[in-house]
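2 protein chains.
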Amino acid sequence: MPVAQLDRVAAYEAEGWRFKSSRARQDGPVIRQRTRPPLRTPQPASSSPLELPLEAGTITHDVFMREALKEALAAYEDNEVPVGAVIVHENRVIARAHNQRELLKDPTAHAEMIAITQAAAALNNWRLIGAAIYVTLEPCAMCAGAMVLARIGRLVYGAADPKAGACGTLYNIVQDARLNHQIDIVQGVLAGDCAQLLREFFAERRESP
Amino acid sequence: MPVAQLDRVAAYEAEGWRFKSSRARQDGPVIRQRTRPPLRTPQPASSSPLELPLEAGTITHDVFMREALKEALAAYEDNEVPVGAVIVHENRVIARAHNQRELLKDPTAHAEMIAITQAAAALNNWRLIGAAIYVTLEPCAMCAGAMVLARIGRLVYGAADPKAGACGTLYNIVQDARLNHQIDIVQGVLAGDCAQLLREFFAERRESP
Numbered sequence: 000m001p002v003a004q005l006d007r008v009a010a011y012e013a014e015g016w017r018f019k020s021s022r023a024r025q026d027g028p029v030i031r032q033r034t035r036p037p038l039r040t041p042q043p044a045s046s047s048p049l050e051l052p053l054e055a056g057t058i059t060h061d062v063f064m065r066e067a068l069k070e071a072l073a074a075y076e077d078n079e080v081p082v083g084a085v086i087v088h089e090n091r092v093i094a095r096a097h098n099q100r101e102l103l104k105d106p107t108a109h110a111e112m113i114a115i116t117q118a119a120a121a122l123n124n125w126r127l128i129g130a131a132i133y134v135t136l137e138p139c140a141m142c143a144g145a146m147v148l149a150r151i152g153r154l155v156y157g158a159a160d161p162k163a164g165a166c167g168t169l170y171n172i173v174q175d176a177r178l179n180h181q182i183d184i185v186q187g188v189l190a191g192d193c194a195q196l197l198r199e200f201f202a203e204r205r206e207s208p
Numbered sequence: 000m001p002v003a004q005l006d007r008v009a010a011y012e013a014e015g016w017r018f019k020s021s022r023a024r025q026d027g028p029v030i031r032q033r034t035r036p037p038l039r040t041p042q043p044a045s046s047s048p049l050e051l052p053l054e055a056g057t058i059t060h061d062v063f064m065r066e067a068l069k070e071a072l073a074a075y076e077d078n079e080v081p082v083g084a085v086i087v088h089e090n091r092v093i094a095r096a097h098n099q100r101e102l103l104k105d106p107t108a109h110a111e112m113i114a115i116t117q118a119a120a121a122l123n124n125w126r127l128i129g130a131a132i133y134v135t136l137e138p139c140a141m142c143a144g145a146m147v148l149a150r151i152g153r154l155v156y157g158a159a160d161p162k163a164g165a166c167g168t169l170y171n172i173v174q175d176a177r178l179n180h181q182i183d184i185v186q187g188v189l190a191g192d193c194a195q196l197l198r199e200f201f202a203e204r205r206e207s208p
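Keeping their order, the protein sequence lines are chains U and S.
Okay, so the first sequence: first residue is 0 according to numbering that gives the first Met the number 0, each after it adds one.
Okay, so the second sequence: first residue is 0 according to numbering that gives the first Met the number 0, each after it adds one.
By construction, these hints were calculated from the structure, which means they are not laboratory data.
Incorrect hints may appear among the rest.
To be verified - Residues from chain U that face chain S, not an exhaustive set, calculated with beta carbons under 10 Å:
#1 D105
#2 C142
#3 A143
#4 V185
What the hints assert, rightly or not - Derived coverage of chain S by chain U (criterion: at least 3 residues anywhere in the stretch with Cβ under 8 Å from a Cβ of chain U; other residues may be distant):
#5 82-91
#6 117-124
#7 131-141
#8 156-165
#9 172-183
Even for Gly, the Cβ is constructed at its ideal location relative to N, Cα and C.
Throw the hints in and build the complete structure from the sequences for me.
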């Protein structure tokens, strides 16, 4: 299992109250270096991801999705369903989080929710106008609804979720013209890696229940 | 404006991090007495509301909805959109919260979300099986999705929300057979009082922008 051998992302407090982990990291860039690349997809030879413009297309999306994947890996290693998210504003990662449902014993502690709370704190504003959220898995109804409430500008996700996806699969809440905000969607970014991590997690769980 | 003259519900910290207010109050019944009744609906002459069985029907629903209305009033007095929620488990209020979006500058800080986090802490479990949530306004997609994730048993709400309601109006997320949990709905409980509070809030806002 190559995933389990990776360096641990010591990004979160090991315990604590719900969304304690949503404390914004406002003291500079938050992307940490790993000694080994996190997944099979090679790192691009480009300069720092934080310098790339959001409009640069697929390569930029890959870069930020890779950061979301690092968060998903951290969830995996904590025995949480491996979903990760980052929020980007003005080409800077202002929030990063992973699913912490089991740790926090909180059904609302999805990666996206923690990241949204974190990003609002970073901007000191509940409106995340102009922000883009990168998530490894298609958001559920709760998270999709939160993105609309937060006025997020763009949603980029990896794998589709046939069971609960609310951004194109079961619903498309983020593009419902009846609501007071709509969000651009880019889907399928690094979808293979994102889905693979989930498959490995559930396969391992079935083996050792 | 009779609402503004009511006693203040000093239930929440005046400031603090998101969902600081979700700290569960586990030290006994949490319903406090007011010196004056909160709304136009008279208090029932019955014994303590916490003693009434959940199955008793409308009167019980009224009692718990009145507690949710107290929370909505607290939001009103804090200049937040007045929505309140309580969660009941084994005939006991285990969580109570109101909308704190502006105070916490957090788009996810709806009454229901804070109450769900609070209830999960009270039960030390993210599954709120057998719990009922009372909300003054029909939940949005975010909150409806959270209720499904939390496996809440019953949703009782007051006023319908024509703009964003996701429990019968725009969607019915809590009763979608494609999701892995469905929730009983009782709607229209004290709907007049619940809607009136919202109307007064928005009318006042229009007058003094």
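Going down the list of hints, with the structure as the test:
Interface hint status for U:D105: upheld, as the beta-carbon distance to the closest one in chain S is roughly 5 Å, under 10 Å. With a least beta-carbon distance of about 7 Å to chain S, the hint placing U:C142 at the interface is held under the 10 Å criterion. Interface hint status for U:A143: upheld, as the beta-carbon distance to the closest one in chain S is roughly 7 Å, under 10 Å. Because the beta carbon of U:V185 sits about 21 Å from the nearest beta carbon in chain S, more than 10 Å, this interface hint is broken.
Look at the segment 82-91 of chain S against chain U: 0 of its residues bring a Cβ nearer than 8 Å to a Cβ of that chain, fewer than three, so the hint is violated. Only residues whose beta carbon comes within less than 8 Å of a beta carbon in chain U count, and the segment 117-124 of chain S has 4; three or more means the coverage holds. A stretch counts as covered by a chain when three or more of its residues have a beta carbon under 8 Å from one of that chain; for the segment 131-141 of chain S and chain U the count is 3, and the coverage holds. Interface restraint, the segment 156-165 of chain S with chain U: holds (3 residues with C-beta to C-beta distance below 8 Å; minimum three).
By the rule of at least three residues with a Cβ nearer than 8 Å to a Cβ of chain U, the coverage given for the segment 172-183 of chain S holds, with 5 such residues.
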